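The listed protein sequences correspond, in order, to chains Y and E. If you're matching positions, the first sequence starts at 49 in this note's numbering and goes up one per residue. If you're matching positions, the second sequence starts at 304 in this note's numbering and goes up one per residue.
It is possible that part of the hints are untrue.
Straight-line alpha carbon distances no greater than 20 Å define the calculated EDC-like cross-link-like pairs of lysine to aspartate or glutamate that follow [to be verified]:
no.	chain 1	residue 1	chain 2	residue 2
1	Y	K129	E	D566
2	Y	K93	E	D467
3	E	K570	E	D491
4	Y	K129	E	D339
5	Y	K93	Y	E127
6	E	K483	E	D566
7	Y	K129	Y	E142
8	Y	K129	E	D340
9	Y	K129	E	D491
10	Y	K129	Y	E115
11	E	K584	E	D566
12	Y	K93	E	D340
13	Y	K161	Y	E151
14	Y	K93	E	D566
15	Y	K136	E	D325
16	E	K392	E	E308
17	E	K483	E	E365
18	Y	K93	E	D624
19	Y	K129	Y	D97
20	E	K470	E	D559
21	Y	K164	Y	E115
22	Y	K136	Y	E58
23	Y	K93	E	E335
24	Y	K129	E	D559
25	E	K392	E	E335
26	Y	K129	E	D467
27	Y	K136	Y	D157
28	Y	K93	Y	E58
29	Y	K136	Y	E115
30	E	K392	E	E343
31	E	K627	E	D559
32	E	K570	E	D624
33	Y	K93	Y	E103
It is worth saying that the hints were derived from the structure and are not from the lab. Keep in mind it's a predicted model, so treat the numbers as computed, not measured.
What follows is each chain in one-letter form.
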Amino acid sequence: MDTTSNTPSEPQIFDSLRLELRRGCLIVAALAQLRSEHYGYTLRKALADQGLAIEESTLYPLLRRLETQGLLTSQWREEDKRNKRFYKLSAQGETILTHLLAEWNSINDSLHKILKTPTEA
Amino acid sequence: MNLLERYLQAIGQYLPPATRQDILNELRVNLEAQIDDRAEELNRPLTDPELSQLLQSHGRPEVVAARYLPQRSLIGPTIFPSYLLTLRKAFPLVVLIYVIAQAISLVAEPQQGDLLRGIFRSIVQIVPTLLIFWASVTIVFAVIEFAHTRPGFDTRWLPSSKWDPTKLPALHDATNPKPKSFATRVADLGFHILWILYVLAIPAHPFLIIGPSDWYLRQLGNAAFAPAWATFYVLLLVLLGFQLITRILALNPVFDRQQPVLDLITKALGVTGTAFLASMKTYFIAASPSVNQAVLANVNHWMGVSFRILLVIVSIQLLIDAWKLLRPTLRVKSVLLF
Chain Y
49 MDTTSNTPSE PQIFDSLRLE LRRGCLIVAA LAQLRSEHYG YTLRKALADQ GLAIEESTLY
109 PLLRRLETQG LLTSQWREED KRNKRFYKLS AQGETILTHL LAEWNSINDS LHKILKTPTE
169 A
Chain E
304 MNLLERYLQA IGQYLPPATR QDILNELRVN LEAQIDDRAE ELNRPLTDPE LSQLLQSHGR
364 PEVVAARYLP QRSLIGPTIF PSYLLTLRKA FPLVVLIYVI AQAISLVAEP QQGDLLRGIF
424 RSIVQIVPTL LIFWASVTIV FAVIEFAHTR PGFDTRWLPS SKWDPTKLPA LHDATNPKPK
484 SFATRVADLG FHILWILYVL AIPAHPFLII GPSDWYLRQL GNAAFAPAWA TFYVLLLVLL
544 GFQLITRILA LNPVFDRQQP VLDLITKALG VTGTAFLASM KTYFIAASPS VNQAVLANVN
604 HWMGVSFRIL LVIVSIQLLI DAWKLLRPTL RVKSVLLF
């Protein structure tokens, strides 16, 4: 029986794993970036400028979800003759971000240790 | 900008009224900023095809709207294992209860139409019964799914969260066949009940047993079954009753060890029934003077021979099975003696 016909190709597997790997990191990145106030579009640009491009359709709903969870605060304000919704990290978001960064650093350190350890034959 | 408004309108169709306007306002601002940026890069307003391309890259309206909505699966990943476990555990029991209920109904209630039609109807009706069972379990778990997302819901009572490693089944012996699954045991019991039902229906519906033999009986003239068959029928019911008990016991894997002994007793009862058949001298009797006596005697003789051959075969088989069952015990005793 041919078991390879339904197996995804290497680029498909990579894309899927990359997406999983990035998902959590993007939340941390968005929270970190929102230590200074942004509205949706400028946040996306700021993240993209630092190498973390994220789709609008993913980022904008994410901001609302994080706000519902109390990690962000938002307010409508006029800027350049347009009403925009500005987001900022809340006090609770600040605490959670600190914990998440500690966790991320711990994972990063562990991964480095694993990569440095010579593999057994 | 007409295209942008149409795009936002299309997204709005899939959003809940409570948050629709707020989400659309925010989306509009973000998309307008993106359009402005692009226009600044090009140093001119965007053409309709360029705007269309930009919106296309933003995503289909229904997909964009779906991302603003809470997860909408009927049964989510937290509850799904419990849902599946409940279906798997309860399915054989539902089938068993259905078979028992139908069997009781077929035996107890006077049949409208013939018995075969009743059995066929019972088999067909199991499909809607199982669909109702599946739908009911799904609705219950959909309610649990809805409730468990609310604060304070305790998931400890869900079947998948309660288990004891010490109650896991023992390791399978590589030399022994894999034990039967619960579904197989239930199916065995269900089919046995149907078989008993069939046998019980024979006195009222003799065609069930005569079937193709009807032609041969007609060849004999006007022959009938000998009265001794009534005794054999009682023996058969005893055998079926004993098998019913063994199959009920087999539902519990605790009795797996006793199963070979019970099987041997069942076979011994089967041999007894065959011995009775072999001892019968008359199988068919003349029901009217028109019966061809020579043919009838010939038929009775060869039926007797057939049952005696069958008796020899099943007796040898019983002895072999008994030897296989007792051999390990005898070997241990002989080792202890030496």
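field: Hint check against the structure, violated hint numbers in rising order
entry: 1, 2, 7, 9, 10, 11, 14, 16, 17, 18, 19, 21, 22, 24, 25, 26, 27, 28, 30
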